[in-house]
Amino acid sequence: MALALDSPDPLEEALARFEALQGYRLELRSEGPGGNQQLRYAYRKPGLVRLDVISPHAGAVLIYSPYSERVRLWPFGLKGPSLSLSPDNRLVKSPRGHRLDRSDVGALLDNVQWLRRQGEGRLLRDITLAGRPVRQLLVRGPAEPGQVARYELWLDKILQFPVRVISHDARGNLLETVWLEHIELDPDFADDVFFP
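Numbering-wise (our numbering), the sequence shown opens with residue -6 and increments by one.
Each hint should be verified, as a subset may be incorrect.
As the list claims (entries may be wrong) - Distance condition first, Cα-Cα at most 25 angstroms in a straight line; then the derived SDA-like pairs of lysine to any residue:
1) K38 - D162
2) K150 - S23
3) K150 - V186
4) K72 - A100
5) K86 - G112
6) K86 - A163
7) K150 - A100
8) K72 - P3
9) K150 - E169
10) K38 - A163
11) K38 - S23
12) K86 - R115
13) K150 - I176
14) K38 - H161
15) K150 - D184
16) K150 - P59
17) K86 - D162
18) K38 - E5
19) K86 - N29
20) K86 - K150
21) K86 - L66
22) K38 - L122
23) K72 - K150
24) K150 - V54
25) K72 - G52
26) K150 - P189
27) K38 - P59
28) K86 - E5
29) K150 - V46
30) K86 - S58
31) K86 - R63
Claimed, not checked - With beta-carbon atoms standing in for the labels, derived distance ranges:
32) K72 - Q140: 17 to 25 angstroms
33) S75 - I151: 20 to 28 angstroms
34) P1 - F69: 26 to 34 angstroms
35) R125 - I47: 38 to 46 angstroms
36) L71 - L117: 25 to 33 angstroms
37) P39 - Q140: 37 to 45 angstroms
38) K86 - Q111: 31 to 39 angstroms
39) E24 - F69: 21 to 29 angstroms
40) R164 - I120: 23 to 31 angstroms
Simulated from the structure, these hints should not be mistaken for lab results.
The beta-carbon is built from N, C-alpha and C at its ideal position, and this holds for glycine as well.
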C-alpha cells in the first residue's frame, strides 16, 4: 500500500541533510542500457568532485574543480599525463550524459524534487535494504523523450542519504539503476585528494 508523502517529508529531510554536509565519500555502481560503471566518488563543498574509476576504465581519475570550472582527467592514473577539459566534453561525461559538475547527491535530490513539483511523489514503503532501514519513494512527472519521468529512490533512514536510485523515461524504459555503497559522511579528506 502506498502512503502519501506527509510531514516529515523524507525528500526534504535528505535535502537538508545534504545542505548540512561538508562532504562525503562512497562507492557507486551504475547499470543501464548505455553500459555499466563502478566508481569511487568523493565530494567536498563548494563542489569539488573526484572519481576514481574501478570499471570500465580502471585506473582513470577525474577531478572537477568549481574554481577553474574544468575537469582534469588522468586516463592512466595520477602518475600519467592529464588533460584539462570542459565538464560537457564527451570524454568526461558518463555513458548516460551525466556531467561531473552536476553529479553530486544534492543535484540528484534537486532533480527528484523538481520532478515531484511537476507531478507527484509517494512514499511506497519502509523496508530493510542491505541490512539498513530505508524508505522507498516514487516520484513521477512529465518529461521530454529520453529524459527521466520517474524516479524510484531509496533513502537510508538513519543517514538520510540515497542508497539506490532507479530512473525511467515516460514510456517506462529503464534509463539507469544506481547503487551508492560504503557511504562516509563528512570524512576527513587528505589535502591531496582534490589537488594531487
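Violations among the numbered hints: 1, 3, 4, 5, 8, 10, 12, 14, 15, 16, 20, 22, 23, 24, 26, 28, 29, 32, 33, 34, 35, 36, 37, 38
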